[in-house]
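Protein chains: 2
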Amino acid sequence: MSIQIYGFWRSIASFRVRVALKLKGLSFEEIPVDILAGEQFRPGYEAVNAERVVPTLLHDGHTLFQSLAIIEYLEDIRPEPRLLPLDPKDRAYARSLALVTVADAHPLITPRIRNHLVATFGADATAVENWGRHWTMEGLATYERLLERRAPQPFALGAEPGLADICVAGHTIAAQYLKLELTGFPVVARLSERCFALPAFLSSHPFEQPGYKATQAR
Amino acid sequence: MSIQIYGFWRSIASFRVRVALKLKGLSFEEIPVDILAGEQFRPGYEAVNAERVVPTLLHDGHTLFQSLAIIEYLEDIRPEPRLLPLDPKDRAYARSLALVTVADAHPLITPRIRNHLVATFGADATAVENWGRHWTMEGLATYERLLERRAPQPFALGAEPGLADICVAGHTIAAQYLKLELTGFPVVARLSERCFALPAFLSSHPFEQPGYKATQAR
Numbered sequence: 001m002s003i004q005i006y007g008f009w010r011s012i013a014s015f016r017v018r019v020a021l022k023l024k025g026l027s028f029e030e031i032p033v034d035i036l037a038g039e040q041f042r043p044g045y046e047a048v049n050a051e052r053v054v055p056t057l058l059h060d061g062h063t064l065f066q067s068l069a070i071i072e073y074l075e076d077i078r079p080e081p082r083l084l085p086l087d088p089k090d091r092a093y094a095r096s097l098a099l100v101t102v103a104d105a106h107p108l109i110t111p112r113i114r115n116h117l118v119a120t121f122g123a124d125a126t127a128v129e130n131w132g133r134h135w136t137m138e139g140l141a142t143y144e145r146l147l148e149r150r151a152p153q154p155f156a157l158g159a160e161p162g163l164a165d166i167c168v169a170g171h172t173i174a175a176q177y178l179k180l181e182l183t184g185f186p187v188v189a190r191l192s193e194r195c196f197a198l199p200a201f202l203s204s205h206p207f208e209q210p211g212y213k214a215t216q217a218r
Numbered sequence: 001m002s003i004q005i006y007g008f009w010r011s012i013a014s015f016r017v018r019v020a021l022k023l024k025g026l027s028f029e030e031i032p033v034d035i036l037a038g039e040q041f042r043p044g045y046e047a048v049n050a051e052r053v054v055p056t057l058l059h060d061g062h063t064l065f066q067s068l069a070i071i072e073y074l075e076d077i078r079p080e081p082r083l084l085p086l087d088p089k090d091r092a093y094a095r096s097l098a099l100v101t102v103a104d105a106h107p108l109i110t111p112r113i114r115n116h117l118v119a120t121f122g123a124d125a126t127a128v129e130n131w132g133r134h135w136t137m138e139g140l141a142t143y144e145r146l147l148e149r150r151a152p153q154p155f156a157l158g159a160e161p162g163l164a165d166i167c168v169a170g171h172t173i174a175a176q177y178l179k180l181e182l183t184g185f186p187v188v189a190r191l192s193e194r195c196f197a198l199p200a201f202l203s204s205h206p207f208e209q210p211g212y213k214a215t216q217a218r
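Top to bottom, those sequences are chains A and B. Anchor point for the first sequence: position 214 equals 214 in this note's numbering, and the numbering is continuous, going up by one each time. Anchor point for the second sequence: position 100 equals 100 in this note's numbering, and the numbering is continuous, going up by one each time.
Since the hints were derived computationally from the structure, they do not count as laboratory data. Worth double-checking, as some hints may not be accurate.
Note that the list lumps identical chains together, so a pair holds whenever it fits in one copy or between two copies.
With a Cα cut of at most 25 Å, we get these calculated SDA-like pairs of lysine to any residue [said to hold, decoys possible]: (1) Lys22 / Arg218; (2) Lys179 / Arg150; (3) Lys89 / Glu75; (4) Lys213 / Ser27; (5) Lys89 / Pro79; (6) Lys179 / Phe121; (7) Lys179 / His116; (8) Lys89 / Ile31; (9) Lys89 / Ile77; (10) Lys89 / His116; (11) Lys89 / Glu181; (12) Lys89 / Gly122; (13) Lys179 / Asp34.
Whole structure, please, built from the sequences with the hints as guidance.
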């Protein structure tokens, strides 16, 4: 099957979709949309993604948006290897872990929020960074509390990495962007290390993308 | 089966879970947690909900959190009536619509964000309200663009209400809180009206909850 994604090297939601595709063994082509340069506001892109965000997945003549919905779609069309367990309570736990960052922490630190803080409150670079650090720390603390109660063995839901691990690993990328130490969150840190020891995670990391490497070469 | 939820009358995420339970025909008891009065920070509640937010669902000795994960859980344990369609692309569309508010608009206007804007930027009541209005309008505009392209017939995914409708209806409650007119968003407005014509939606509305009525009686 032919799959394309509109993504951006720095986007953590794009990272999540990349990892899911790779864990499923699905090849894809990534079309860059530079959301820091405002390329998501080009008129043509709104037809692809009504929210004007990344990622968007193109498959079989359809466009799909929202990273979590995309990953669930991949699970529906290509069940193996599973990214969600089969037991309903475990599935709920996996989805809840995902949503800690997808619904609660990550939406608060995206470019559109940072830009709005500047425009509305005259926030300077330090204030914007502190805002990001605050909510990223909140997410890390929640993850640590949750993972302490149900220790990863070695991944959040068991022997194999899945949706929850993808989202926790993505959250640690936000921490990395903001130069936050993970020393206060040892269970999160170990889980993230385990994830990035796998090629699917490592090769999906923002700093491994061509777009990032191009910025470094300038 | 015995189901309890920790919820709050004003919480839109609690509203979503109430509607899903009622559409599924599952009876439940709601235990109020006044998140405006800070009851979510009582030490005992953190054991129930590591994020210290509502809602939490208690079932069969387990606690489940995050409204979307809870609704997916209800779909897993009680498939009929379906809140998600069976076709993978339609399922993805339903989940994407849900996430427009669950992951993008609603997290930005919760009490913890409003409090943080006050604490960090010294935002006054007007600034906090304008912040809420901005992001709620963004969500309404996204919904209108999406629903214009694929007209509700009469609900977002077809003849019966489901996850997507629950989330759109919840978003219009945020608009109601902020006294935003829906006149610029006619497709959203009609869908919301259709939803609230149903007892499962109407009886789940914040202003129909005992906690709200108690505030009015004071």
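Hint check against the structure, violated hint numbers in rising order: Numbers 1, 2, 10, 11 and 12 - these are the hints that the structure violates, sorted from lowest upward.
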